[in-house]
Amino acid sequence: MKNKNILITLLCTLGLTFFSGCKKYLEVHSDTQKQVSNSFKTIEDLRATTAFLYATPWNKFNDYARTITEGRANNVYVDGVTGTISALALFAENSNFNELFQTWGSLYVAVTQADYIINDYVPLSITNGVDATRAKGCEGEARFIRGYSYWYLAMLWHDVPIIDDPRQYVLNTLVPPNSFEDVLQYAINDLTIAAQTLPATDSKGRVTKYSAEAMLARVLLTGADYAMGGRFSSDYLKRNGAGSNAEMAQKYFDLAKQSCLDVINLSSYRMLDNYEDIWKVQTNNNAEVLFGYQFLPGAADYGLGNVLNNLSFNGDVTGNLTGGSNVFISYDLLRLLVQDGAQSRLRGNVFIPGQNYAYLGTQLAAGSFTVPSNSKTKCNIKKFVVGSNKDTDGAAVAGNSGLVSPALRMSEVYLMYAEAIMGTGTQTSDATALENFNKVRKRAFYLNPTAYQPYTLVTRNDLLLERRKELFYEMTYWPDLVRRSFYDMDWTLNFLNNKLKDSDPTTNFTNYASYSYTYDPPRFPNTAGWDNSPRVQAGYISQQVVHNLPAGSYVHAIGSKSNIWALPYPAAEINSDPNLNGAPVPYKF
Amino acid sequence: MRMTKIFTKIPISILILLSSLSVAAQDITVSGRVTDKAGGALPGVSVSQLSTSKGVTTNQDGVYKISVPPGAILKFSSLGFVAQLITVNNKKVIDVKLIADVKNLDEVVVQVGYSTMRKSDLTGAVSSIGSDVFANSVVTTLDQALQGRIAGLQSTMNSGVPGGGSSVQIRGVNSINSTNEPIYVIDGVIISGQTGNNDVNPLASINSNDIASVEVLKDASATAIYGSQGANGVVLITMKKGKNAKPVLSFNARYGLEKLPKLINMMNLSEYAQHHNDFSDVLGYGRRADFSFPQYLGEGTNWQKELFKTAPMQSYDLSVRGGNKESTYSVSGGYLNQDAIVLGANYKRFVFRVNMDNEIQPWAKIGATVNVTQDKQSTAISTFGAVGNALFQSPAVPIRNADGSFAGPTSDLDANTLGFSNPVALAMLNTRTRERFDTRGNLYLQLLPAKGISFRTEVNVDANTDNYLQFLPAYQFGASIKANTENKHDKTYNFYLGWKNILNIDKSFGTNHRTSLMLGQEMISRRGDYLTGSRQYGSNVLTGLDAGDANYATNNGSGYNSRLMSFFGRATYNYKERYLFTGTMRWDGSSNFARGHQWGAFPSAAIAWRLSEEPFFKSLKGSISNAKLRLSYGIVGNSNVAAFAYDSNLSNIRTNSQGTGLQTANISNPNLTWETTKSWNAGMDLTILNNRVELVFDSYIKKTDDLLLRLSLPAFTGTSDIPGSAQAPWYNIGALQNKGFEFTVNTRNITRDNFSWKTTAIFTYNRNMVTRMNTATASIPMYDTSNGKNIITSTSAGSAVSQFYGYQMIGRINSAADFLKDNGNGTSTVITPTFKYKTGTIINNNDATLITSTYIGDLLFADVNHDGIVNERDITNIGSPFPSFTFGLTNSFSYKNFDFSFFFNGSIGGKVFNILRSRTDDPRSLSNVREIVTNYARLGYKDGNSANTNIWNVYVLPGADPSLGRMSVQNTNNSIFSDSYVEDASYLRLQNVSLGYKFPTRLLEKMFIKSVRVYTNLQNVITFSKYSGYDPEVGSLNGQNMLTYGVDGGRIPSSRFYTFGLDMNF
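Line order of the protein sequences matches chains H and U. Per the numbering used here, residue 1 is the first one in the first sequence, and the count goes up by one each step. Per the numbering used here, residue 10001 is the first one in the second sequence, and the count goes up by one each step.
The following block holds chain U by itself, in its conformation from the complex (with noise of 0.2 Å):
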């Protein structure tokens, strides 16, 4: 900076009469190399006599050449390394190693959406990670390297499926019907984060070999510009582009290992087989005739061995990137092939990608990207019910008959009751597979009318085909049948078209004021529709739609057609560098509301003050070379509702032979509109030790108001999901809140030339809280009905959002003491409410109905409503899936050659809501169970008469497990669902480790390569957790919804992953 002051300051003509003049004097040729620390050539490298005009840059193999006075200094820089300079002294040949360089903050220049900025200018709450972090963590999809390593970021995997779907989330819960996924930015489309599938990933389409850095924008100074959409924050992702350089050729070669790290423990048949026996002699059955001798019957099958597996994942990439002054181009092409721990699943993945940019005149550039993705996902057997098969199914059932034929279960009781079957067949012959292919691109031209002003217009496209198809051919394993085969295709088709057009003006007054002005305008046209259709009766292999019967068809569709359209601004203003102001505006019309609704506007402030620019400072600037504070207010929107959700429609349903039917479909709402959210920033970032550690600090308050709501309404008024329901209507009603603060720490611990050693450290704490909805006592309830119809969560006033609701269990009665008073005269009175029997009660000691009703070993639920009796007005909040706070801690090292890293991601505080045990821990089920049930409150007798039922008679013998029931003839509510299936989902996740090494350069330089390196992963290494499950972290039991979150309904566990790696560049 100081250099252009002194430039400007001469006069130019005598510039370059003292430079002619110096050439005019004996110049002498210095050539040389430049390296990197390691020896690898730095192409690139401005080279410069300081004090004058005369510059070279280094060739691709790093070397220079340059005539300058013997005396001269000389000069070598480039972004990203520590500039040096060195006098000449007649010396013919001086190789120089540039140094790498922590980022000088006023180079190093950040997305922030629509155009960039230097990231010392930044007033928002931006965080940054770069290619190397993709280069250390073998990942499927982009979403799963953002999890620990942005602050204020949460991202949960809802599927351990290959290519399957994630929540993400930035800076808590911000809505509750409405998607709380940020939105992605690539190549300038927008792709919502937004899926209503656990198997479908938005960001599959993304191979993250090809992405440059990612941008996370979380404050709404940040986000404002996006209006509408950044509600949940923005991602945005610059992919790699080509530079002016000789070409870089790069191939990146993986294969991996995945497997299930944890098995639960689940009875063998053996056990199975007594617990049966057990059960089979309360109820009066007799004992099933294979089961006569239980401890002969061995292991029987283990379904979890069976049907998870280890497996194998492979992965190619190779890329090209290059160009002259005039254009750069990147090629890229990727494919993944990686096999899932269920059997039957698989996913593979070819990624295409070409760039390019050309300078057609000096004033106007033209360019253009296209990214194409072709993928593949199967799952034999339904992802959700993978878990329950290898759990719920008998031990009793072999894969194999004698003769090699599939096995079954064998009685209808079995196969049509309990539901057993044979999976491992089924992930044999079941086909259900999920083709996408997508295409990305983006065609802009950009002039440059003028220094400091340049007008972008831009189209992109985004087209994508999702083709489902699911083939379940006809079998009959032992008593489990099925009779007909099923053919079925579902193909979706959605198109992105936007259309933006942006002036940029950079200008300065004087020295001491820089200001910027963008101005845009956008237009976004979202449509797509939806075709599926079935057929029956077909053959047993073929897999087409036209091999079923027409007869026994179906077919059904939808499509939707969605408009946005926006004006938005960005001002900014730095006065000296020490006081700097961003202003945005944004417009957005959206056409899912009504007219006279569809226009919301969003403003955002921000002020930043960089202390360390003061003069004040200068003392301290050799300490702390660094400080700013920041402060930003600013509103954004949010219109994600059912389309013509504002009016009332009627949907097509078969009738018998009385033509197309008309279903009221839904209650409208004509006057919905924009939800918004207020949120308030206060940061500070801060430079210290010498550019050894980086500070940023960020609290935030967001309150979202006019909240859009899919209304939870009672099933009178017909918008249950009962068939034929109508849909409840949105509205704009209730407030939430979310309050936190997030931090990063950056530490370079020790840099020495052969050894270094990097730590980040991310800290993220939210606070989320609905403040106001529909009705005081509004709550939405979320429903399983795996078990029954049992609420699992609700949301209400006064508590986050999504709290586990249940019944909460205080003990079990051990003793008739435990519940009863002895009146002494043959009756008691009850003293603790059951789900049976009010407080005060008297009861008939000999009462035989006791047994079926209330009896010693059934467990006590609390009475939370004190009205003498426990019913489902006692049920409530049992706990929170939201973790107090989580952190992601990296270290990384290099040694030589050698580089070395390892990441702990962490938890701490949220629970899990894991109803699966309402099954696994059933004394009662004739599933399969886990181990511990077989420690069911077994009942004694005190007169050691099992016939004299007496309720006093009775104990509950000891060593039973605390927070298991009796074996009852009748369901006593043992198993309802309670604060016992609550469980701490604190963990703490050596979550990757990769020690890579780098082959010598001038080894390779011979073969003509540039650099080599190797490589092995660790993924999901370790986890420190109380957490009884597969695994502690828990997304949404359905789609995204984070009205599910933190409930275990079986979702596939995320894998452990071995894998070893190749770089390799020519």
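Bound-form chain H, shown alone (with noise of 0.2 Å):
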């Protein structure tokens, strides 16, 4: 019994030593992720988040949105309807395509992370003793990611909400969209910020005050474009310090013309000498890139890797990383590249049978990839198709081809200046515009320069077409369509209905969606490279695309019959958010 005394005091005197160690007990600190609370004390953090910007937010977008623009604005076509891609072309979309909210979700996921940076972790650094300027650079970045995401939702689905700090949200959901001009305007003053604090250079892959600039220079000449219309409320035009749209418009223009100068003139970005380089992994973030998703070489990681080389002819250019792909560049768009004759950018943009491609299938007995002939009707994308393993030096692995894609370069701004200098005239033949517009002509006739020929006078047209050359692939046709409607709406319908063929005698704006063709140089000789009977695919009909609700109409466009150049909000969010299909509110600046 004595022996049970002792034994039961022992215990009570653990008890006792145990319960006043209570406290600490429940006290238990994460191994594996940094808490905000005791972050942010070097610049090396905040250089951390502002790094993760240019990658993982873009992996779907670099995918879906891609779909999304280039379907719609018919530059390419589709083997087998069942896609969304050719509904996309046929404006026959529907708002459970997994495109829109993929591409929707992807550009607030980076205006949210930019938004976290900028409210908290940039005046947290600054308070905790990081150097001021370096923290507002880094602000500077996230600035041109939220400016850069803003536009693209502007021109994809016009009137979007404008989330300054998603926790606002976070209680109540119902927010009304703002805006189209006051979504411009926020990315304006982002990108205007992003072009003050961001250092002239940083390290590769780094936007700078360049790239916010180049950005920039997109947006003002969509607001100039949107004036040009007559479309800015009296409000914005009171706040921007303009008397009349006109007046805006002038001003964006001049606005425009000077970023891009200060990009020409002051920074050390130039074109690559052959077009078809600009999409080699070996020279990712190259003097061309002013801003390119960052995705890894040689990743396997989710959320990190570029699936465009997908887009491949066959197994045989990716070492069958990928197979053939059933994505093909549309009838209209091949005409225009095959009918221009430069060489470098017809290589560079799409795979034409009979044509060599040193750099790539250097797996293969033959050392090289030649594109066959007599083995299919219609011609792949060859932009961003990268090649196999070996072609890369090891950056391209299932799924990913780690190439950094180019999502801001050099030869937009060329294009852009003069598009600035000719304002609201219809056609310019200023010498420095004309001096601009035909270095990037003369660059895409690299390997055959002897067909180059420079334009003396450039027209609206001209500028228009040689931007769908030049940006294949590069999702900026639909927006270019969408500011063309801005101020000519006529001219879009037209054009989209394929109305345009018969008054234009150069057919430069046919638009046969869903064209089927056969183009094979070396099977068809004598007619070009044409298979003498294109034809419309039975069943499609051409477009009876409309628009014919009045100005300043907010519903947006469902399938064919209604209005404005904007996308159904994607359903998923119309469900969490009934409010979107509502009017849109102004934003208070």
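What the hints contain is simulated information worked out from the structure, not anything from laboratory work. Source: prediction; values computed, not measured. Take these hints with a grain of salt, some might be off.
Claimed, not checked - Straight-line C-alpha distance at most 25 Å; calculated SDA-like pairs for lysine to any residue:
| hint | chain 1 | residue 1 | chain 2 | residue 2 |
| --- | --- | --- | --- | --- |
| 1 | U | K10500 | H | K34 |
| 2 | H | K34 | U | P10670 |
| 3 | H | K204 | U | N10652 |
Taking the hints as your guide, dock the two standalone chains into a single complex.
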């Protein structure tokens, strides 16, 4: 019995000692993730948060947004009409298309991740003693990303909610969209601040002051077009010190011109000699790229890869990393590229039968890839296809080409400069405008320079066509059409409905959506490569896109019969925020 | 009981005197053998002389020897048997057969959490099942045995793969984002029923042959003692222990065969080729050259038959249990090897268990248990892809080429766009194995310092590792190509450490007042980490990670760490066996919340009134032996949120040459705290007709408040599932309730010497309702991305959680009059809205765009909000996965040495959202489709001229299936998710039939065998259901998430299972 008492006393003592440690017991800290409250004491933490903005948020966007923009603009054609690309091309999309949700969601991931940096992390770092200029530089990066994202949101959905701080909407998700002009203004503000705070140079892959100026030019030109259509509200004009839309347009053209000039004259960005070289892993972040999605070469991590190797002609090109794709260039665009005669640009954009690519298919017995003739009727996209693991020095793996997707290029800056100079006119023969415009054209003829002829006069249509060819599959042609519609809706409608074919003798603006064709130069040498009988597929008819709602209407296009060049909001988003369907509201600046 | 009273009243000295006197008279030695009804020896039976303290117990052979006066009366008694009184009358040999008793309530002891209680003292809702249930049903994991056998408990298989996961709910869905699984308490270790994976079952580490009994705690009075962990109910599992008897060696062997109970009627090659040609014609493509003569193509490959097979199962168990007065032990080992019905899938398990209890002093006991499990689950094809692979694959792809190599699809379109491959080949090449090792143990010291007082301190440990290996070699089957091998290994390590100290005091005051008090303290720490690595470009035969190319390596890791500290107590009071009271209290502190929000208090109280013990009830006692009314109320909690959800975290992401990037990982909520469930329970226990009928009835209301909800926010908050998203915050928002009733009826219909018939029926009724959400219009949508991004379920205030969501199909346009009114001038007015046309729109009858927008043969959907157009705002609730009620019915018979039982279970009123049909029933699909798609809506022309596409000239030809649309060039939403895919999932299933035979004991005794039973068992024998898919029992689409419950995305169905078994005892 004595033992028993000793034991019990012992246990009680043990128990008491232990109870005193209770409070400590429940104190647990994460071993795997930094917590905001004890971070941002050095510039490295802040730079790490901005480094994140370059890859992951663009993982889905890089794929799905291309489907939307290039499909919608009839730049691509898809065999097997069950896919979503043909529905987009025929204005028959549905709000439950995953492309819509992924694109919308990706842009808002970028916006909100930038929000946290701008609202919290930069001020916190400065408070913690981090060098203010460098911290502000990081804010510039975040603002660049946010401005870039809002431009796409505005071009695709027109009116969208401006999310300053996502935490405000945690308990109230019924948010109406903000009006298009305010989204534009918001992007302009972000990019203007970014251009002021970003450094002139930074390590490879990070955006600079000039990236911001180039992107700002894009947004300013959009604003100028909107003003040319007389669409800005009086509030907007007043806020921006313009007496009229015309004045606003000129102001924006001037600002855009200045931005482009800064980039052209002051930065070290320049075009590569050969158009094809831009889309090689070996030239990732080359001198032409002002901003690119920084996918990781050789990485298999989810969310860090570039899937676009899947556009490949066949498995030989990629060493079977992917098979052959069913996505082809459209009849209309291929004809433009072929007629143009710029060999470098044609090869850089499209796999043409008979062409040899010395740097693709190096793993093959032949040591290179020659596009076979008599194998397919339509032409696969070459741009973004980087080849096999061997071709890319190990960068390309299954599901990831390792290519940094160029998202803002120097050649666009030259074209924007010409556009800004043309301004509200319909053509220009201004010498510097021509110089910059021709610079882009000349480069496209790198492989056949003798065929190159400089333009002595550039029209609005020339600019649009040049952008379509130069920036194929780079998600700009659909926004270009939307921009055009701001001030010339009739032209846009006629183009989309393929009504321009008779009135335009050069047939440069045909729009045979989902038009089947065969282009195979070795096979049809006598008809310039074309099969004699291009045909519309049975069941397809020319489009009947209409736009019959009054200006200012906020109804978003669902199918072909309604208004404004805006995509339907994703069904999932409408479900969680029915107010998106309501009238857009002004943003309080 | 009465005996005890007499004893206490007669002074002990007199008793001793009396007994010694009687010894002095001429005692005789009586001996004999005590057996059960079947003649099996009964050891440990107490044989005592009535009215004396003299007594012995029978030995392991049931033999006893006692000296008593010739006229003495002997009492033979043993727990679970009806006691017998026999007058010696000078007989020297008295053999006795004891009849099994319906357990006397006063003697049955049940587990109630941290201590035990007499069943008669229970005030809460507790259900038990004994080991006999496990003996009669062949189950791989315990949860399968609970289905249909515990009132109020619903168990659904999430995957038909052996060792695969299931969802178990006790009294409905309590939580929306947090887990709904009960906790399982095994050997004192608290195991969460939660797994994030359909293939993982937390109960896989338990060998059902080791289970002595299972108690399910349902109401708050019973579960509140587990406080924050008891919100979803508690399942207490008592394992078999050794006993004070000669060692018994048991051996069990089983062999079984499993097969797919049903095939879905897909098109054969000839039909598929015809279908393919029809669609090619519509699209204007040329037909496939090899499909020129569909009628001669024959059956082609039936991928269902190739991928599903009859699979064998074998299992062996060996155990020894025994001991003496001071020490008892139990040692057991088991081996199970079960193939799945899916090609290339298998499950193997070893379980080893040792248990020991020692009395080191009369006042001190010490004991320990160790349970070790090793299991290996192999699934060559991913389990979520198996059914899709079997259904959608083209029957035109053969398994093998003429040269014996694996065949594959022939075109890029088939291989890359439609995803055809050769799943049979993949099942042979791919390796996906999950190997787990789990060690669970406890060590305790129990002190008994005085009568009625015990103190127990116990340490519990559960450590497990999970090794997942995925090896996908390179291949080329026709156009289906995988260029590089992938080696991926995941390792998970989990560690549970618990320490608890419990003081129990039982005290009676006088004869009328019995009280008990339990005070306890417990600390639980759970931590673990996860490591994953993968490489590519390795060898095509070596599965190891190091065989891959290090230049293509990825690696990642994560960890968790959570702690719980608790203080708890329970007090009971029993007045005259009539009025019973139980009160419990538990305080829990959880590290998942920020300081200041960590502690929660969870009280409960219950009263019961045993009418049958009242004096006024005496006259009824003959027919009603027990009647008890119970009433309880209590509060339980839930702290299952992501760790550190209260703080803002930054996760680590690789970047392109910028070092490690930081991503804002979540939106924080520092005020996060406990979710609480208040519940009321009213119940009744009734035993009538001479113990032949036992009824347990319970009804309850549970209200969950401050619901822990991971908010579902619009994607514009950056909280979607898109890469780079922050996680939405957790909030204590919203409320939901469950109401219901349940009952169990046990009857002994016939109890003769050599024939008996027993029946158990259970019935469960539950209604779930979300009463409040974060905003009035808030809803939690769940998506499926197999066919666009579609909402499949939605949870919002005013209805039960997880309502199926989609359009309402209202018919089909069989002729223009179904949606148009002819204006007589070549135009028509839209009278029924469609996806493209608003009511009132004027259309041109000859408009060629009609064929790409809305045309004859398109399905019509309801304009729910009456805005004149059908669009995503018309998506609405289209059915509930939850059944109106479920039931189970077991009948057991025994005749001489035979035993026979059959068990039905059923579920009535639930629905299944068969989203697989949006592909298998789509006339526009180029993948294989169901045979009924042959009857899609074909178009006819009134004037016989198919070029006349005037909408009034076109009609749907008779004979079309009413749920199918036309074969259009463009998608016109005929396969959009709608109520036409919602099917009645009511079913009645003959779940189990078993027949056994016990060899007569006499035959065996010479061979030193105590007993032998052989049996055969059929599981999932027949299902009566209108469901068109494989199996109407559809669990959750992903993991155990109750928000995707009842959505059939192609889960592997439960198999039909034939087993033969042998049980031997030595």
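Hint by hint, here is what the structure shows:
no. : hint              : result
1   : U:K10500 x H:K34  : violated, 33 Å
2   : H:K34 x U:P10670  : holds, 16 Å
3   : H:K204 x U:N10652 : holds, 21 Å
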